[in-house]
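Engineer: Here are the chains, one letter per residue:
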Amino acid sequence: MSAIAAIPPKSYEVKPKLDESGTPIGELLEISMGPHHPSTHGVFRMDVVLDGETVVKLKPVFGYLHRNHEKIGENISYLASMPYTDRLDYFCSMTNNWAYALTVEKLAGLAVPERAEYIRVIMAELTRLQNHTCLIGFFVQDMGALGTPMMYAFREREKILDLFESVSGARMMCNYMRFGGVRVDVNDEWIAQTKTVVSNYSKFLDEFGTFLTENEIVLARSQFVGVLPKELAINASITGPMLRAAGVNYDLRKVDKYGIYSRFNFQVPVGEHGDIYDRYMVRVLEMRESIKILEQALRDIPAGPVMDPKSKLRGFRPKPGEVYGRVEGPKGELGFYLISDGSPNPYRYRVRPPSFVNLTILEDMCLGHRISDAVVILGSVDIVLGEVDR
Amino acid sequence: MIDEGLKSELQKQGVYVTSLQELYNWGRANSVWPLTFGLACCAIEMMAASMSRFDLARFGAEVFRPSPRQADLMIVAGTVTKKMAPLVVRLYNQMPEPKYVIAMGACAISGGPFKQGYNVLKGIDRYLPVDVAIPGCPPRPEALIHAIMTLQEKIRNQDLTGPNRPRHLNAEVDGEYPVPAYGEHDLEPPKNPEVWQPPIMTRK
Amino acid sequence: METLEQIKARIEAALPSAKIDIVANECPAGERSLLVDAANGFLIAKFLRDDAQLKLDYCSNVTGVDWPDKELTEKTRVKQVVDGVEKEVEEVNKTIRPGYLEVVYHLYSMALKHGPVVLRLRTENRADQTHLPSLTPLWRGAEFQEREVYDLYGVIFDGHPDLRRILMWDEFVGFPMRRDYIAPDDFEYEPTPHDEVLVEAKKHYPVEPKAEVKV
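Protein chains in written order, with the working numbering: chain V, 1 to 390; chain X, 1001 to 1204; chain W, 2001 to 2215.
Careful: at least some of the hints might be erroneous.
[Said to hold, decoys possible] For lysine to any residue, the following SDA-like pairs were computed, each having C-alpha atoms within a straight-line distance of at most 25 Å:
#1 V:Lys59 to X:Ala1181
#2 V:Lys59 to V:His369
#3 W:Lys2203 to X:Val1195
#4 W:Lys2203 to X:Ile1200
#5 V:Lys319 to W:Ala2024
#6 V:Lys59 to W:Lys2203
#7 W:Lys2079 to W:Pro2068
#8 V:Lys310 to W:Glu2026
#9 V:Lys159 to X:Arg1140
#10 V:Lys159 to X:Asp1055
#11 W:Lys2070 to V:Lys57
#12 V:Lys57 to W:Asp2162
#13 V:Lys319 to W:Lys2070
#14 W:Lys2203 to X:Gly1183
#15 W:Lys2113 to V:Glu289
#16 W:Lys2113 to V:Val268
#17 V:Lys310 to W:Trp2169
#18 V:Lys159 to V:Val184
#19 V:Lys230 to W:Asp2162
#20 V:Lys319 to W:Cys2027
#21 V:Lys59 to W:Gly2174
#22 W:Lys2070 to V:His369
#23 V:Lys159 to X:Glu1142
#24 W:Lys2203 to X:Arg1140
#25 W:Lys2202 to V:Ser77
#26 V:Lys203 to X:Phe1054
None of these hints come from the bench; they were simulated from the model.
Work out the full structure, taking the sequences as your base and the hints as a guide.
Structural biologist: See the structure below:
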């Protein structure tokens, strides 16, 4: 793969099929799916053109949840942006916190104590577990299994949210990490509780897998549907489980080794075909690896402080400069780009949202499939609109 | 009207007496069908409320309908942006009477943490009549359950006759609200003055 | 990975007309960036992508930055003869740095797992000369992000296949992420105003009737 071919987006003009004499057969049907649609996972809209039931053109329309996160971030202090990052990808507030804290630490050159690093890893992996679990619930719902898989997924999610709540005070919007550490320490009781949740999780995954992994409907609806070729995935900046399902071994936990990920023994699951089923399987296997990381982290967590005593939260003014920090979120590469001009507010505050960029190839994956498959393909991308539109 | 004392006396003897209004409102209050209408973060808590642990079904409000034509409660769960507001109003107009609105979370009430944004509507009450508001960012599922109970209380106490009768029994009141249009910088009009007037504040 | 100086030298060898500067970065992580001229921007990006030693096949992040006109004050000490005595006098020079829009690309390599190389392109000014070459033909991943920069900052990407507004509605006028954008005034009801919001909210307070002057 020396010279990568440029892969242009599909042409915008579509015409109905012609018969032998050159007259069009039937008409194209243009429908607008969303922003209020039960299967678009939020206020997402797709302008779809159908030839019969086949998708011939699909343009995503964004902005229905554009709540000016970046503009607000430029008008408030560094610390005040932390609770806003919770609301980016509202399933994974802990990873968002970590990405932002990591970027600011890189900008100001702050160190993080050992115990805080372990707590961050535990929180991030718990977040990954609950995000992937819920995603699979939604995704099976898109295939028509209304209700029941979601009930299972949310039952397990509540257990993890209880852990988050007991340590941070909030179920979803944890606002837990700070520049140079985490806000409050966890106690031994919490760690024991987490160990129980983690050790029971593989049992749940076994149960969930029995129902879904070899389910005939899941296989029929997902195998060889929405195939994403490897070259296109790299060229279109796809990250996260979608990229790895396409066969690229690129996980920032291994590549950047941010935090203390180099200490843990885990593997990166990689798919072969790049279809929906591979994306499902990569996520299931990633959860198994997360459980491994959690077991190691909960075993090895040292005692000590959780905040760098040198870091100061109020009146925080980093020196002028710019930085780009990124972590492997459950949905892909979550990056923050900050430009400091020496004032208490960032001059430029930019979020690199994984699910927004992952939607680039939605059209390429859907073309030629049925409209009902487009719903499942969208479900397999794993989007959260708070992050797509910011 | 039947005397309260006689009513309870009869009940002890196994005879249940009620008025048509009570019966009608009792039926309405216990079968509120919400619209599946998630806008942002609060929608996840709304889903959690209908899932395993919190089980909204106990209150007769678990039948989330994807179509506004079949729903009678709109839970505005999340930030309403200016790009989304016309569609929210249009969905509300499509719902059949009697219909109710719950503004769930700080964003739906007032714009919440995002109210300084150039694309954020400062509260859905600028365009729609809100029956119950739930504070919180996001409110817990218990708060949503409480809001539904509050709404049920409100429905139970509605008079079916007289000037305060609900909209669907009053032919003179129109249940449709004007849909704002996209303008150059803001929605046009930026608020519906028939629904919302800024409260007059005096500051000393 | 090579240093930025080596990369710069190799680009200049391959593309003699290219003008490249290295932008310093004082923060501890110190990711410096390559400032390239708009005319050669596309070719330089193509070189970075296809070069066998760099293979920057992954365009992670595309950011717009607005730099409005800025008054720079420079203090210089000049020797002057005042009343026959030579004195050192401080002289203040004021220059106006013309504003521009900047687009920043963060490039990584998935094949070789290194990076980032930060690429910056600047427009001529903020008003009418806001054209830059689009890098979407090289990296599909830039497609939506460049549309977003166009929507929020007003940079026009030549060669972009589908340059439309992405987050705001089509009828919207103006570029809201620019630093001089004035948001619509809807501060008529502010129960707890403070700071800037208080200034805005005060415009909506009812005018207090003036006390009548007793004669």
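Engineer: All the hints need checking, so say for each whether the structure fits it.
Structural biologist: Checked hints:
Between Lys59 (chain V) and Ala1181 (chain X), the direct Cα distance comes to roughly 23 Å. Compliance with the 25 Å bound is thereby established for this hinted pair. For the suggested pair Lys59 (chain V) and His369 (chain V), the alpha carbons sit about 15 Å apart, so the restraint of at most 25 Å is met. Restraint check: the Cα-Cα separation between Lys2203 (chain W) and Val1195 (chain X) comes to about 23 Å, which is no more than 25 Å; the hinted pair holds. Of the pairs offered as hints, the one joining Lys2203 (chain W) and Ile1200 (chain X) holds, with about 13 Å between alpha carbons and a cut-off of 25 Å not exceeded.
A C-alpha spacing of about 13 Å is found between Lys319 (chain V) and Ala2024 (chain W), which places the hinted pair at or below 25 Å, so the restraint holds. Restraint check for Lys59 (chain V) and Lys2203 (chain W): the C-alpha separation of about 42 Å exceeds 25 Å, so the hint is violated. Restraint check: the Cα-Cα separation between Lys2079 (chain W) and Pro2068 (chain W) comes to about 34 Å, which exceeds 25 Å; the hinted pair is violated. A C-alpha spacing of about 20 Å is found between Lys310 (chain V) and Glu2026 (chain W), which places the hinted pair at or below 25 Å, so the restraint holds.
Restraint check: the Cα-Cα separation between Lys159 (chain V) and Arg1140 (chain X) comes to about 15 Å, which is no more than 25 Å; the hinted pair holds. For the proposed pair Lys159 (chain V) and Asp1055 (chain X), the alpha carbon gap of about 16 Å is at most 25 Å, so the pair holds. For the suggested pair Lys2070 (chain W) and Lys57 (chain V), the alpha carbons sit about 46 Å apart, so the restraint of at most 25 Å is broken. Under the criterion of a C-alpha separation no larger than 25 Å, the hint pairing Lys57 (chain V) with Asp2162 (chain W) is consistent with the structure, at around 14 Å.
With a C-alpha separation of about 19 Å, the suggested pair Lys319 (chain V) and Lys2070 (chain W) falls inside the 25 Å cut-off, and the hint holds. Taken as a hint, the Lys2203 (chain W) and Gly1183 (chain X) pair is honoured in the structure, with Cα atoms around 23 Å apart against an allowance of 25 Å. Simply put, Lys2113 (chain W) and Glu289 (chain V) have alpha-carbon atoms about 22 Å apart, close enough for the 25 Å limit, and the pair holds. Among the hinted pairs, Lys2113 (chain W) with Val268 (chain V) is consistent with the structure: their alpha-carbon atoms are about 15 Å apart, no more than 25 Å.
The straight-line distance between the Cα atoms of Lys310 (chain V) and Trp2169 (chain W) is roughly 46 Å, outside the 25 Å bound, and the hint therefore fails. Taking the CA atoms of Lys159 (chain V) and Val184 (chain V), the gap is near 20 Å; set against the 25 Å cutoff, the hint holds. A C-alpha spacing of about 24 Å is found between Lys230 (chain V) and Asp2162 (chain W), which places the hinted pair at or below 25 Å, so the restraint holds. Proximity of Lys319 (chain V) to Cys2027 (chain W) is assessed by CA-CA distance (about 6 Å); at most 25 Å being required, the pair is judged to hold.
Using a Cα cut-off of 25 Å, the hinted pair Lys59 (chain V) and Gly2174 (chain W) holds, with the two alpha carbons roughly 24 Å apart. This hinted pair does not check out: Lys2070 (chain W) and His369 (chain V) have alpha carbons roughly 53 Å apart, beyond 25 Å. Of the supplied pair hints, the one linking Lys159 (chain V) and Glu1142 (chain X) holds, its CA atoms being roughly 16 Å apart against a limit of 25 Å. About 36 Å separates the Cα atoms of Lys2203 (chain W) and Arg1140 (chain X), which puts this hinted pair outside 25 Å; it is violated.
Between Lys2202 (chain W) and Ser77 (chain V) the alpha-carbon distance is near 24 Å, which keeps this suggested pair within the 25 Å criterion. With a C-alpha separation of about 23 Å, the suggested pairing of Lys203 (chain V) with Phe1054 (chain X) holds against the 25 Å cut-off.
Of the numbered hints stated above, those contradicted by the structure are hints 6, 7, 11, 17, 22, 24, listed in ascending order.
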